[in-house]
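Protein chains in written order, with this note's numbering: chain A, 1 to 108; chain B, 1 to 108; chain C, 1 to 108; chain D, 1 to 108.
Please note: incorrect hints may appear among the correct ones.
Which copy? The list can't say, so a pair holds if one copy fits it or any two copies do.
Below, simulated DSS-like cross-link-like pairs (lysine-lysine); rule was C-alpha separation at most 25 Å, straight line [to be verified]:
| no. | residue 1 | residue 2 |
| --- | --- | --- |
| 1 | K64 | K28 |
| 2 | K28 | K79 |
| 3 | K91 | K79 |
| 4 | K98 | K83 |
| 5 | K79 | K10 |
| 6 | K79 | K98 |
Source of the hints: derived by calculation from the structure; they are not laboratory data.
Protein chains: 4
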Amino acid sequence: MNSTYEACIKACLECMEACNHCFDACLKEEDVQMMAECIRLDRECADICAFAAKALQTDSPFAKEICQLCADICEECGKECKKHHHSHCQKCAEACLKCAEICRNMAA
Amino acid sequence: MNSTYEACIKACLECMEACNHCFDACLKEEDVQMMAECIRLDRECADICAFAAKALQTDSPFAKEICQLCADICEECGKECKKHHHSHCQKCAEACLKCAEICRNMAA
Amino acid sequence: MNSTYEACIKACLECMEACNHCFDACLKEEDVQMMAECIRLDRECADICAFAAKALQTDSPFAKEICQLCADICEECGKECKKHHHSHCQKCAEACLKCAEICRNMAA
Amino acid sequence: MNSTYEACIKACLECMEACNHCFDACLKEEDVQMMAECIRLDRECADICAFAAKALQTDSPFAKEICQLCADICEECGKECKKHHHSHCQKCAEACLKCAEICRNMAA
Chain A
1 MNSTYEACIK
11 ACLECMEACN
21 HCFDACLKEE
31 DVQMMAECIR
41 LDRECADICA
51 FAAKALQTDS
61 PFAKEICQLC
71 ADICEECGKE
81 CKKHHHSHCQ
91 KCAEACLKCA
101 EICRNMAA
Chain B
1 MNSTYEACIK
11 ACLECMEACN
21 HCFDACLKEE
31 DVQMMAECIR
41 LDRECADICA
51 FAAKALQTDS
61 PFAKEICQLC
71 ADICEECGKE
81 CKKHHHSHCQ
91 KCAEACLKCA
101 EICRNMAA
Chain C
1 MNSTYEACIK
11 ACLECMEACN
21 HCFDACLKEE
31 DVQMMAECIR
41 LDRECADICA
51 FAAKALQTDS
61 PFAKEICQLC
71 ADICEECGKE
81 CKKHHHSHCQ
91 KCAEACLKCA
101 EICRNMAA
Chain D
1 MNSTYEACIK
11 ACLECMEACN
21 HCFDACLKEE
31 DVQMMAECIR
41 LDRECADICA
51 FAAKALQTDS
61 PFAKEICQLC
71 ADICEECGKE
81 CKKHHHSHCQ
91 KCAEACLKCA
101 EICRNMAA
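Just chain A, same shape as in the assembly (with noise of 0.2 Å):
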C-alpha cells in the first residue's frame, strides 16, 4: 500500500474514533436538544469513514468515489461540529475538517 493510502486510511479511522466519541458524549451532554444534528451526522460519518477506510484497505475499484462522498460528509459533520464549544466537539470538527481534506485529495 502506497503512503497516500495509509494517510488516508489514517485519517478516516481518526475521523471515526472522534466522530464515534463525540456522538457517546453528546448524547450524555445535559442539552441534548442542541445537539440533535451532531449526533445525526456523528453517526453519519463515522460510519462512511469506517466503510471507506474498508475501501482503501481492500483496494476498491470504487475507493476514489468512496472518499469523494466522504469528504463532502465529513465536511458537513466538521461544519456543525465546529458550532458547539464542548471539547469532544472540537476535536471532532478538527478530525473531520482534516479527513475532509485528505480524502478530496485522493478523490481527485
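Given the coordinates of chain A, work out where chains B, C and D should sit on it, guided by the hints.
Coordinates of chains B, C and D only, in the frame set by chain A:
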C-alpha cells in the same frame, strides 16, 4: 436457504428499519433529552440487525453466536422503546421484541 | 416515508441479499478463481446497499449522494455477475441492475 | 477513555486492516481456490473488528459481549490464516490472534 433462516433475516431487516426510523424520529422530537437512551440503542440495534442479516445471508459459521448477541441487543432496545408513548417507539419496541425472540430461537 | 423511498429501500435490501448469497455461493464453487472479481464486487455491493438502506431509513441529508454511489457499484457488480452462468450470479445480476436503476432515479 | 479501551480499539483497527488487506491479496493469488475459507473469514473478521471498535468508541453497554464475539471470530480467522504461507496471511494471523487475546481480556 431454509425457511428458519429466511424468517430470521426478515425479522432482522424489519427491526433494522424500525430502529433507523425511530432514531431519526427521536432526533426530531421536541424532548430529545428524554430520548437519549432510545437514540443510542436504536443505532446499536439497527447496526447489529444489519450485521446478523448479512451473517445469515452468507451462511456464516458464526450465525448462531451473532444471532444470540442480536437477541440481547434487540431485547434491551425493545424494553427502552416500550417506555415511550411515541408511535415510532411503540412500533420499534414491537419489531425489536419480535426479532429478539426469532434470533433467540435461531441461536438455540 | 413516501413510496419512492420505500421502493428504493426494498430494492437495496433485495440487492444486499442477492449479493451476500452470491458471495457465499461463489466461495463454494469449484472454480473460485474465475469468480474472484464477482466475490470482491458482491461484498462491496452488499455493503453499500446496506449503507444506502440505512441512509434512506434515517432520512439522511446525503441520501441522494449515497444512492448515486450505490447505483454505480450495483451497475458494476451486475455487469460482472451477468458474465457467469451460475443461477446465483444471474439472480444477483438481475437484483443489481434493478437496484442500480431505482437508486439512479432516487439520486436524480 | 481509559487505556484498556484504547488498547482494545487499536488492536481491533489493526486486525481490521490486516484482514481487509488479506481479503484483497487472497483474491489476487493464483490459487484462489485454496484461499476460499480465508477470504470468507477475512471479511467476517474485518467487519466484526470495525463493529467492536465502534462499540468501544461509543461506550456501548454491549461492549463486553461484542468483544467476546469478536475474540471468537478473530481466533477462527487467525487459525485459518496461519495455515497459509503467504506473508499477508501470516501477518493477518498475527493481528487476529493478538486481537483475540485483547478482546478476550476486555470481555472478561
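Hints and how they fare:
Only between protomers do K64 and K28 lie at most 25 Å apart by alpha-carbon distance; the minimum there is 20 Å, versus 36 Å within a single protomer. Taking identical chains as interchangeable, the C-alpha atoms of K28 and K79 lie at most 25 Å apart whether they share a chain (21 Å) or sit on different chains (20 Å). Proximity of K91 and K79 under a CA criterion of 25 Å is satisfied intra-copy only: 12 Å inside one chain copy versus 34 Å between copies. In this assembly of identical chains, the alpha carbons of K98 and K83 lie at most 25 Å apart only when taken from the same copy (17 Å versus 40 Å across copies).
In the homo-oligomer, the alpha carbons of K79 and K10 lie at most 25 Å apart inside one protomer (21 Å), although the nearest pairing across protomers, at 27 Å, exceeds that limit. For the homomeric pair K79 and K98, the shortest alpha-carbon distance inside one copy (12 Å) is at most 25 Å, but the shortest distance between copies (36 Å) is not.
In this structure, every one of the numbered hints holds.
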